[in-house]
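The numbers in the UniProt record's numbering rise by one with no breaks, and the one at position 51 of the sequence shown is 51.
Hints are computed from structural coordinates only; laboratory data are not their basis.
Where hints are given, some of them may not hold.
Derived Cβ-Cβ restraints for the label pairs, each shown as a range [unchecked claim]:
1) R88 / F191: 41 to 51 Å
2) P253 / G295: 36 to 46 Å
3) R265 / P309: 54 to 64 Å
4) W129 / A269: 20 to 30 Å
5) S137 / S180: 38 to 48 Å
6) E260 / G111: 20 to 30 Å
7) P60 / R97: 32 to 42 Å
8) R102 / P253: 23 to 33 Å
9) R97 / L339: 14 to 24 Å
10) R238 / A294: 13 to 23 Å
11) G139 / D302: 21 to 31 Å
12) E267 / R82: 52 to 62 Å
Given the structure is predicted, the values throughout are model-derived calculations rather than measurements.
Even for Gly, the Cβ is constructed at its ideal location relative to N, Cα and C.
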Amino acid sequence: MVIGAGQAGLSTAYHLRRDGVGFVLLDHAGGPGGAWRYRWDSLLLGRTHRIHDLPGMPLPAADPDTPASRVVADYFGAYERRFELPVRRPVDVRAVRRGADRLLVDTSAGGWAARTVVNATGTWERPYWPAYPGRESFGGRQLHTADYRSAGEFAGRHVVVVGGGASATQLLAEISAVTSTTWVTRRPPVFRDEPFTEELGRAAVAEVDRRVRAGLLPGSVVSATGLVPTEQVRAAIRRGALRRLPMFDRITPTGIAWDEPVEGRRERAADVILWCTGFRPALRHLAPLRLREAGGGIRVEDTRVIAEPRLFLVGYGPSASTIGANRAGRVAARGVRALLPPAATAAA
Numbered sequence: 001m002v003i004g005a006g007q008a009g010l011s012t013a014y015h016l017r018r019d020g021v022g023f024v025l026l027d028h029a030g031g032p033g034g035a036w037r038y039r040w041d042s043l044l045l046g047r048t049h050r051i052h053d054l055p056g057m058p059l060p061a062a063d064p065d066t067p068a069s070r071v072v073a074d075y076f077g078a079y080e081r082r083f084e085l086p087v088r089r090p091v092d093v094r095a096v097r098r099g100a101d102r103l104l105v106d107t108s109a110g111g112w113a114a115r116t117v118v119n120a121t122g123t124w125e126r127p128y129w130p131a132y133p134g135r136e137s138f139g140g141r142q143l144h145t146a147d148y149r150s151a152g153e154f155a156g157r158h159v160v161v162v163g164g165g166a167s168a169t170q171l172l173a174e175i176s177a178v179t180s181t182t183w184v185t186r187r188p189p190v191f192r193d194e195p196f197t198e199e200l201g202r203a204a205v206a207e208v209d210r211r212v213r214a215g216l217l218p219g220s221v222v223s224a225t226g227l228v229p230t231e232q233v234r235a236a237i238r239r240g241a242l243r244r245l246p247m248f249d250r251i252t253p254t255g256i257a258w259d260e261p262v263e264g265r266r267e268r269a270a271d272v273i274l275w276c277t278g279f280r281p282a283l284r285h286l287a288p289l290r291l292r293e294a295g296g297g298i299r300v301e302d303t304r305v306i307a308e309p310r311l312f313l314v315g316y317g318p319s320a321s322t323i324g325a326n327r328a329g330r331v332a333a334r335g336v337r338a339l340l341p342p343a344a345t346a347a348a
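Could you put the whole structure together from the sequences, leaning on the hints where they help?
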């Protein structure tokens, strides 16, 4: 069984199909596209850092001014059809438990028993909201990156953007073009003037892989690579919109506040707080397996979970990128094939 039909899940399915392994692919969404189908319309194809090709079928050429959500949904849908992938949707996976010789999977479409499970549920379903004093008292609107739709809805309101990652800078660039903003981060952001290199990417992924092998939380790749600004973000920097302030200490009913003055003020009024604070792996359905290590993460080597060898995690840790997800799918399929008896491999 493969859970999740995003980049990592489709890559795994491709390799399983090619290797003659019988499987089913469950996806909770109403249609193809993975997390991309939920991205805001202003995230145009030409503004993405790159959507990596799925194995066996390149991403077709498309107008760079088309929303990326539409392009990717069409691409993933065509991919599922071309390779006749057995996707069942919408199916919600509620829990995975150990059976005598199978993993037992409880879903909205009934129960399943699988020799192996490849989990490819990504992070989009689990936005991270950090706890700050006074958050419940705020009288304005609070939303997360996952809730964002367009900058126009914030016109005339002061928006505090929280977070130092790529999504924060991209949304800040958009919102600051239509209204006033304040940008706060825990650490000063580091923008890269030089191009992003393969060596830098490999080093960042290697650090995340080290953490995952040790059973620690994966951590952020951008913390190791720095921010590579798009042209839209560069334009916002030139007009002075990306002026960072330190993280506030608390939230008030009317805005944010610091214990020590920042630019001569302890408080700043706000109508909206936009939390661009990232996501966590969507793994709650795996809780019955009790996989967490003392360091807070799940120990994984070559996508295989050490505490449950019949389970593989793709799109987790070092494979939580489009290019990493492709490689992880290939590695997971190879691991699945090695666990199955010969009779299980010609049924696809």
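Here's how the hints hold up against the structure:
With their beta carbons about 43 Å apart, R88 and F191 fall inside the hinted range of 41 to 51 Å. Checked against the given bound of 36 to 46 Å, the beta carbons of P253 and G295, roughly 38 Å apart, stay inside it. Between R265 and P309 the Cβ separation comes to about 56 Å, which falls inside the hinted range of 54 to 64 Å. The beta-carbon spacing between W129 and A269, approximately 22 Å, falls within the hinted interval of 20 to 30 Å.
Taken as a hint, the range 38 to 48 Å is violated for the pair S137 and S180, whose Cβ atoms sit roughly 22 Å apart. For E260 paired with G111, a C-beta distance near 56 Å fails the hint of 20 to 30 Å. Between P60 and R97 the Cβ separation comes to about 41 Å, which falls inside the hinted range of 32 to 42 Å. A C-beta distance of roughly 53 Å is found between R102 and P253, which places it outside the suggested range of 23 to 33 Å.
Evaluation of the 14 to 24 Å hint for R97 and L339 yields a pass: the beta carbon distance comes to about 18 Å. In this structure the supplied range 13 to 23 Å is violated for R238 paired with A294, their Cβ-Cβ distance being about 47 Å. At about 50 Å, the beta-carbon gap between G139 and D302 misses the expected band of 21 to 31 Å. Against the hinted window of 52 to 62 Å, the Cβ-Cβ separation of E267 and R82 comes to about 57 Å, which satisfies the hint.
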